[in-house]
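Listed here are the chains, written in short residue letters.
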Amino acid sequence: MANVNTEGRNWTKEFGLGTEPLNIDIYTSEEQYEKEIDMIFRHCWLNVGREDDMPNKGDYVVHDIPILNTSILLTRDADGEINAFHNMCSHRGNKVCQENVGNSKFHLCEFHGWAFDGKGMLRDIPDEKNFFNLDKSKLNLKTVSVDLWEGFIFINMEENPKETLEEYLGEVVPLLKGYPFDRYTPIFGYEGEVNCNWKISVDSQQEAYHAAYLHRRTLNGALGGKENPYIHCLDYKNLGRHRMLSMPAGDEPPRKPIDTLAAENTVSIRSYSEGQDFSEWPTGVNPSRSDNWAADIYVIFPNFWIALFNGMYQTHNFWPMGQVDKMYQRITMRATEPEKPSQLWARQYSRCMSRDVWLEDFSTLEATAEVAKSGAFTEVNLQDQEVLCRHFHQVVSDYINGEYK
Amino acid sequence: MSKADKKLPEQFKELEVFLDKWCFPTQMERTNERQESNMDEIKAFYAAIEPRMKEILDYLDTFSIENLKGNEKTLLELAYAVAEIAPAVEMFGQKYVTSTFDARDFLPTHEPVLKRPKMSTAPQY
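Protein sequence lines correspond, in order, to chains A and B.
So the first sequence is numbered by the numbering used here: it starts at 10 and just counts up by one.
So the second sequence is numbered by the numbering used here: it starts at 1074 and just counts up by one.
List of simulated lysine-lysine pairs, DSSO-like, C-alpha gap at most 30 Å:
1. B:Lys1086 x B:Lys1127
2. A:Lys114 x B:Lys1191
3. A:Lys349 x B:Lys1146
4. A:Lys349 x B:Lys1076
5. B:Lys1086 x A:Lys265
6. B:Lys1116 x A:Lys349
7. A:Lys349 x B:Lys1094
If you're looking for bench data, these hints aren't it; they were derived computationally from the structure.
So here's chain B without its partners, still in its complex pose (with noise of 0.2 Å):
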């Protein structure tokens, strides 16, 4: 599915305006998104879905894990950027953690990464 083809449940239909920045299915995706956001973009996406988060958690867990498909996985792909953006907004007041080390080299063992270090025991796709 496109991204243009996205959508939310009906409740949360005014966050879809959201979707083409924020909404990725892999968590390396939306760490390079806040990395190359500026922190207005990041504080904006935060202000507006942030007093929404409990009531998505809660429309969330009225499907099992299993059954989280269409909307209700493009509303779980979008919470959890928040979940990537959340502590630069809430911990550092910046989107970067350190200037002495990069982010995007820190791979998730968790998700498919196509180029993994040498030493890597770790799925590539």
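Bound conformation, chain A alone (with noise of 0.2 Å):
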């Protein structure tokens, strides 16, 4: 490894953990489970995409969220301002606004055409005089607490929550201070519903661990390399709830003669560059200064995860589902648009490629989750290179508890 020399550290010891294996029931008990959504996912800002998932005036998203028991609308109101509300019409009930994404000046509810504005204000009710003595100043779209970080958009089921977004992200926020999130725009992403515990995916993105085996075909030596063969990582850094690493780059991986002319034509999650100078990037980003870095993980708390590479980043969302072992996951790559059609050619590429390598993390989920509560093991067993998920559980923990401080 250049330049950095990890060897020797004790990172479970620096973060202030113990060693002992965890019970497997982090991941099985319906009790834990319940406590996650009305002590964790209640009271935490949670990520809902991105300022660019709503670009213009009169865009809007719908984040249906079952263990929340609502809907979330985002708009982006004619004054250009975000605003989350409750996706419910003050009418009867209905959810107002039906597709997933959209642009419209006004919502009208498709039941019986109440219309509210982008700011949530009630603007119009048909046949209005038949109703009897309606205090319109109530029912208006009821608002979400939301706000904005770096282009992030968290929300917050508290009506007041006790911390703003930037307290509750902490030592996150001064770290990526700079980071170009806006120069890039989503060019892929990718979904899907899986039949296990949210908190087992989340951990199978916190580790490089597995990449050096579970990988070994798709990113095959490109992290860690010869002189690395087990992916010890640059750097770990505990930041209070949340959590980073960063992660060494290996060889240049052997290729293929299509994965050749790809990597000539785009950047990808296995091609690093060499000779970056990164005096000018935010402290948190490559935070050892390695030449040999390839990319950083953010684990934000609890259900969003961000990784930072050269010219693109990844996020991740992690949403339990209304049982223990079902979850959602949503996947978006952003970088700079393709210019010509073999760049165009190499982002579908990437798409494909990038797909597969998620489809190796995916093979584990469920495959996990079946034989979790066989008995046959009821313990968990983490190295010291998987620091980061004994620090999740732990805070986990501690929220579950009422001891998070």
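Can you join these two chains into the complex? Each is in its own frame, and there are hints to help.
In structure tokens:
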């Protein structure tokens, strides 16, 4: 590993965590699951996409969130501001917006045509004179707490959140200040429902240990490489309830013809450029300033994940879906738009190749959930390079026991 | 335009025999085709088109993205099928990545898909 020698570090100890195995009921307990919804998801700031999901005035996006028993309507109003509402009509409770995305100056409830504007104000009631003593001032769409960080939209189900979003994100804010999030636009993404506990999937994305074996056919030495075959990370940071790791690049992976052609025409999750000048980068991106850096992963509690690369970044949203072993995951990749047909083709290759890498990750999810309750093993063993998993479960445990400070 | 009417630019005529099986406008259709084909079919397509891919991209680059229409658009869609099947040939040696999660349940959000998960925020159509 060039530049940074992390051998001899004991990250688990530095994080202030124990070394004993975890009980597998972190993935299977219905009692814990219910507490996670009540004590975490109903109180924490939760990511619901990004400003560029709705770039124009009148744009809206609907996030149905079954665990919160609601649907959230995000709008960009006539002044260009982002708003969040319960997507529920004040007449008889129908969902006002039923398309996932769209653009409209007014939102007309499909049921009887009650009309609301982008600021949630009730603007029209058909046949209004036949109602009885309506107090229209109480019939605007019900707002949900919303705030932005670096263009990412977060909601909070508390009417008056105890912390602002910035306070909630804490050290993450200064670490990533200056990363060019706005320069990149969504170039592809995937989504799926998975029959597993949401934390099984979060854990699969917060350690690099698995990449050496699970991704041997795809990443193939691109992380870690011969000098660092188990992909020991360049850095780990305990960021309170959040956490990060910094992944080492490896060798140029062996490339066959089509893969070579694509690598010549676009950035991808298995191409890391050398000789970058990091001096102007945010302190939280490649924090150890290694010449051998691939990407950083920030895991924002409870269910949002960002991977920062040179020239692109990737987000994951992990959502429990109302049962202990059912979840929904959304992945979005952002980079620069292709400028010519060869780049357009290379982007399509990147879409397919990245999907296949993520399918490798997904291959472990339902497979783990299917046997987690077998009783054959009741503990999960974590090594030092899986410190972020251990940290995550400690924070979850503190939250659901009312001990998080 | 029906599939039978699709043509490739003159210099790529001999690849037209693959249009019926491999030329689709959407990624989801290409994904389905990869999963529903056998490895011999995938390898045959790869063997015929891989040596021409550099030439195909150079040819397409004589157009701007906005001007890819007709035969050129057909050629791009066929090249997209190469992007779909290349990992099967070059990385996996099999058409599927895993037997424990179906690629067809992993839905692209960058193109319209008719039936989406409940929590999706992507366009349906």
